[in-house]
Amino acid sequence: MPRIAGVDIPDRKAIRYALRYVHGIGPKFADDILAEVGIEPSTKASDLTDQQVSQINSIIDGGFIVEGALRRQVGQNIQRMRDIRCYRGERHRRGLPVRGQRTRCNARTRKGRKKTVAGKKGVKG
Amino acid sequence: MARSLKKGPFVDESLYLKVERQNQQNKRTPMKTWARRCTIVPEFVGHTFQVHNGRTFLEVFVTEDMVGHKLGEFSATRMFRGHTNKKEGVKSK
Numbered sequence: 001m002p003r004i005a006g007v008d009i010p011d012r013k014a015i016r017y018a019l020r021y022v023h024g025i026g027p028k029f030a031d032d033i034l035a036e037v038g039i040e041p042s043t044k045a046s047d048l049t050d051q052q053v054s055q056i057n058s059i060i061d062g063g064f065i066v067e068g069a070l071r072r073q074v075g076q077n078i079q080r081m082r083d084i085r086c087y088r089g090e091r092h093r094r095g096l097p098v099r100g101q102r103t104r105c106n107a108r109t110r111k112g113r114k115k116t117v118a119g120k121k122g123v124k125g
Numbered sequence: 001m002a003r004s005l006k007k008g009p010f011v012d013e014s015l016y017l018k019v020e021r022q023n024q025q026n027k028r029t030p031m032k033t034w035a036r037r038c039t040i041v042p043e044f045v046g047h048t049f050q051v052h053n054g055r056t057f058l059e060v061f062v063t064e065d066m067v068g069h070k071l072g073e074f075s076a077t078r079m080f081r082g083h084t085n086k087k088e089g090v091k092s093k
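Top line first, the protein sequences correspond to chains A and B. For the record, in the first sequence the residue sitting at position 26 is 26 according to this note's numbering, with numbers rising by one throughout. For the record, in the second sequence the residue sitting at position 16 is 16 according to this note's numbering, with numbers rising by one throughout.
Hints listed in this document are in silico derivations from the structure and should not be mistaken for laboratory results. Positions of the beta carbon are idealized from the N, C-alpha and C atoms, including for glycine. Be aware that one or more of the hints could be misleading.
Result set (DMTMM-like, lysine to aspartate or glutamate): computed pairs, CA atoms no more than 25 Å apart in a straight line [said to hold, decoys possible]:
(1) B:27 <-> B:59
(2) A:111 <-> B:73
(3) B:7 <-> B:73
(4) B:32 <-> A:83
(5) A:44 <-> A:8
(6) B:18 <-> B:43
(7) B:70 <-> B:12
(8) B:70 <-> A:90
(9) B:32 <-> A:90
(10) B:70 <-> A:83
(11) B:7 <-> B:64
(12) A:44 <-> A:61
(13) A:13 <-> A:67
(14) A:13 <-> A:31
(15) B:32 <-> B:73
Which chain B residues stay away from chain A? Per the calculated CB distances, all over 10 Å, these [claimed, not checked]:
(16) 15
(17) 21
(18) 29
With the hints as extra help, turn the sequences into a complete structure.
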């Protein structure tokens, strides 16, 4: 099993898809990296030579932010917005959608499971 | 959608001149402004603005981290005081 960018051990899939198991590498970066090393994208991950694996690793090390470093960066960006008290930061604090979506209904991903309010639907106040 | 780079950041002309004048005189008095759409540029750092939110002017002290945001992002236009409490029939909090 090849190890790429730390702990990730994708196997039994074409390297083109296996690379995407690394947090921060999607379809585009996967293809970019393979083109740079010159590996056929459809090669099975388990069929890679040690040399190819280390080549991929060195490319990711120089020029891609992945895994922990990427998560940290995203977290810092959000923390910065919270600290300066801008609108987007406030939305993050309150756990509401940040990009202007409606909240009258839906928005359940951000708001979590429904919190039913007793007697809200009744006609009499 | 992000703004075209070709145009550069939008900065309210008169507000910018006002800041420049204060910078030359080394003054730091709060400035009332309605220009919520104005991008915060590095020259604004350390100044205080009173940004209109549709009703009143909210004090915004500009720090270095705020550069690149708009003034309006720091002056909330809506106030949420919590949902009504059914028994009391009044706003809680």
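- [ ] Could you tell me which of the numbered hints above are not met by this structure, giving the numbers in increasing order?
- [x] Failing hints: none at all.
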